[in-house]
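Asker: Sequence:
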Amino acid sequence: MESSMSASLKMLLFFSPLLATAAIAADLPDAGRLLKENTPPTSITPRQTISPLEKKVTTEKQVLDGTRVMVSGFRFTGNTLFTSSELSAIMSGSIGKEMTFTELNSAAAAITSKYRNRGFVLASVFFPPQSIKPGMPLVIEVVEGILETIEIKTIPEKTRTPVRVLKNYASHLPAGRPVEDGALTSMVMRTNELPNISSRIMLEPGSIPGTTKATLEVTEGNPYSFALDMDNYGNDATGNNRAGGTLDLYSPLHLGDQLSMHLQSSTTGELKNARANYTIPVMSYGTKIGVDYNFVTYKLGGLFKTLNADGDVHNLSLSITHPLIRRRNLILNATVAGEGKLLDDRIENPQSRNQRRTASCQIGLAGLQMDKVFGGGSTSFSLGLVRGNLDITDQETLLSDQSSSGLHTNGSYSKLNLSMARTQTIHNRLSLYISGYGQWSGKNLNSSEQLSLGGPGAIRAWQIGESYADNGVIATAEFRYQFEGIGKLPGKVQAIAFADHGYAELHANPINDAGTNTRNLTGAGIGVTWLDANNYSLQATCAWKVQGETTPENSPMIFVQAVKRF
Numbered sequence: 007m008e009s010s011m012s013a014s015l016k017m018l019l020f021f022s023p024l025l026a027t028a029a030i031a032a033d034l035p036d037a038g039r040l041l042k043e044n045t046p047p048t049s050i051t052p053r054q055t056i057s058p059l060e061k062k063v064t065t066e067k068q069v070l071d072g073t074r075v076m077v078s079g080f081r082f083t084g085n086t087l088f089t090s091s092e093l094s095a096i097m098s099g100s101i102g103k104e105m106t107f108t109e110l111n112s113a114a115a116a117i118t119s120k121y122r123n124r125g126f127v128l129a130s131v132f133f134p135p136q137s138i139k140p141g142m143p144l145v146i147e148v149v150e151g152i153l154e155t156i157e158i159k160t161i162p163e164k165t166r167t168p169v170r171v172l173k174n175y176a177s178h179l180p181a182g183r184p185v186e187d188g189a190l191t192s193m194v195m196r197t198n199e200l201p202n203i204s205s206r207i208m209l210e211p212g213s214i215p216g217t218t219k220a221t222l223e224v225t226e227g228n229p230y231s232f233a234l235d236m237d238n239y240g241n242d243a244t245g246n247n248r249a250g251g252t253l254d255l256y257s258p259l260h261l262g263d264q265l266s267m268h269l270q271s272s273t274t275g276e277l278k279n280a281r282a283n284y285t286i287p288v289m290s291y292g293t294k295i296g297v298d299y300n301f302v303t304y305k306l307g308g309l310f311k312t313l314n315a316d317g318d319v320h321n322l323s324l325s326i327t328h329p330l331i332r333r334r335n336l337i338l339n340a341t342v343a344g345e346g347k348l349l350d351d352r353i354e355n356p357q358s359r360n361q362r363r364t365a366s367c368q369i370g371l372a373g374l375q376m377d378k379v380f381g382g383g384s385t386s387f388s389l390g391l392v393r394g395n396l397d398i399t400d401q402e403t404l405l406s407d408q409s410s411s412g413l414h415t416n417g418s419y420s421k422l423n424l425s426m427a428r429t430q431t432i433h434n435r436l437s438l439y440i441s442g443y444g445q446w447s448g449k450n451l452n453s454s455e456q457l458s459l460g461g462p463g464a465i466r467a468w469q470i471g472e473s474y475a476d477n478g479v480i481a482t483a484e485f486r487y488q489f490e491g492i493g494k495l496p497g498k499v500q501a502i503a504f505a506d507h508g509y510a511e512l513h514a515n516p517i518n519d520a521g522t523n524t525r526n527l528t529g530a531g532i533g534v535t536w537l538d539a540n541n542y543s544l545q546a547t548c549a550w551k552v553q554g555e556t557t558p559e560n561s562p563m564i565f566v567q568a569v570k571r572f
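Numbering (my numbering), first residue to last: 7 to 572.
The hints are simulated quantities; they were obtained by calculation from the structure and are not laboratory data. From a predicted model like this one, the values you see are computed outputs, not experimental measurements. Where is the CB? At the ideal position from N, CA and C, for every residue including glycine.
Label-pair distances were calculated between CB atoms; the ranges are:
1. N335 x R170: 28 to 34 Å
2. K103 x E223: 45 to 51 Å
3. S91 x G227: 47 to 53 Å
4. P47 x M208: 34 to 40 Å
5. P134 x N335: 33 to 39 Å
6. G102 x H433: 49 to 55 Å
7. P134 x S91: 20 to 26 Å
8. P47 x S98: 51 to 57 Å
9. P162 x P134: 41 to 47 Å
The calculated lysine-lysine pairs, modelled on BS3-like cross-linking and capped at a C-alpha distance of 25 Å, are:
10. K498 x K378
11. K219 x K164
12. K311 x K278
13. K103 x K120
14. K219 x K173
15. K311 x K42
16. K120 x K378
17. K219 x K159
18. K42 x K278
19. K159 x K173
20. K139 x K103
21. K120 x K219
22. K449 x K42
23. K551 x K42
Start from the sequences and build out the full structure, keeping to the hints where you can.
Answerer: Here is the structure:
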């Protein structure tokens with residue numbers, strides 16, 4: 007274990023010279039901006055693909071001989087989801103004809119299709135042995151696949167996640183009702199979203215003819231995981247290069263909960279970040295409550311060292327996330343959150359202090375749609391509406407903010423965030439990725455609520471913190487090529503060629519005679535991702551400026567991130 011960890015650390019340190027290429031920040035960093043730069047984006051990508059239902063096939067005893075019969079009508083038994091009239095309409099084309107039972111079975115397959123198109127994947131129909139008399143209707147027996155019972159099987163036998171939680175999730179498959187694929191899939195997907203859990207559903211005939219027994223097999227992984235990371239995603243004023251570690255505890259209180267803790271520092275020690283997140287399921291539908299805490303403390307160096315400036319920010323949020331839709335090809339989440347921030351920036355030369363606090367609430371939707379259009383792809387989106395209030399507690403700063411030359415950020419504010427992305431398969435291992443992100447506000451915002459045009463998650467030809475703005479849009483297009491394998495190199499390697507563009511209004515309500523209020527930036531470059539799942543990952547991009555001016559000139563811009571998991 008020690009030799010493995012030593013080798014992993016050497017891999018991270020090997021790339022550290024590359025991490026020194028990020029350029030200096032274009033704007034004076036403060037607590038709000040550094041909080042934004044040290045808050046990772048959320049993701050709703052499913053951890054695993056839902057496998058098809060595993061079921062044992064049984065064959066009902068039915069008439070399959072070549073005897074021809076005159077069909078005068080049909081009588082249905084066992085049907086509860088569709089009326090006999092609806093099913094008779096499907097078979098109406100056979101009435102008045104002389105047919106063999108083989109031909110009748112082929113015609114009756116349309117009834118099976120009707121059931122399965124509605125999601126009842128275990129439904130079937132057959133002609134049971136019967137006495138056939140002229141003028142009498144033929145009997146068609148419908149097997150709708152009634153769920154007899156559902157059992158829970160855990161691997162290992164004793165799990166940290168309590169069986170009662172798993173049973174609560176499984177309770178949404180009511181016994182005595184036909185098995186519906188959508189309900190099964192939704193239940194399995196919600197179960198898989200419990201921490202470090204994977205599950206599958208297995209179906210077999212029940213003890214009563216026409217019924218189905220379901221077994222939910224749940225496999226629980228290790229109780230914890232640990233990862234080391236290194237990147238150059240910081241800005242020059244607090245240190246480009248950052249190193250950190252993340253510890254995840256899965257179901258530490260045996261409630262299906264998860265605790266994540268992350269510590270990170272710039273290699274200069276001028277920025278330190280501590281994050282903690284705790285989530286717990288509160289309903290059998292997969293609803294979760296989350297508590298997040300983020301602390302950032304900094305001291306400015308570089309060009310701003312003579313200011314002798316430092317500061318810190320505390321960010322606490324409480325959220326409720328509910329899975330609205332869980333299907334094989336569609337995920338949709340709804341989130342309601344409340345958030346509070348305490349921000350403090352201090353400058354000794356000249357002496358000043360900016361203390362402020364914000365309180366906000368947010369409602370949002372986030373979705374992921376997978377499809378087979380033009381060879382297959384996926385589309386993700388998110389929509390968030392934020393309403394909040396900024397309270398500047400330092401009187402001198404407040405007077406300056408409210409003066410004729412101030413930005414008037416104090417008081418209530420609102421903003422709208424929208425993002426959308428599409429990954430489209432083009433041919434074999436070649437795909438196209440396009441994305442767009444936008445933010446709109448009708449009022450000048452505090453720095454912690456603004457967006458930035460520069461950095462690895464925006465326009466990659468510009469440095470972290472470039473052009474903080476109230477309103478703006480960022481668009482990206484990437485061609486991605488997945489290599490089948492490079493020699494004996496483990497993992498997967500993906501090469502990309504990309505172009506980024508961004509437009510921003512620095513202030514929603516600019517100060518008169520304050521100069522240009524817009525930025526229009528474009529960059530293009532290449533990159534590579536080297537990934538070995540649950541082991542390590544390396545991402546690197548190199549980009550050049552195409553449009554837009556910046557000071558100082560620092561093209562090309564290289565961003566590198568390395569992660570090692572244990």
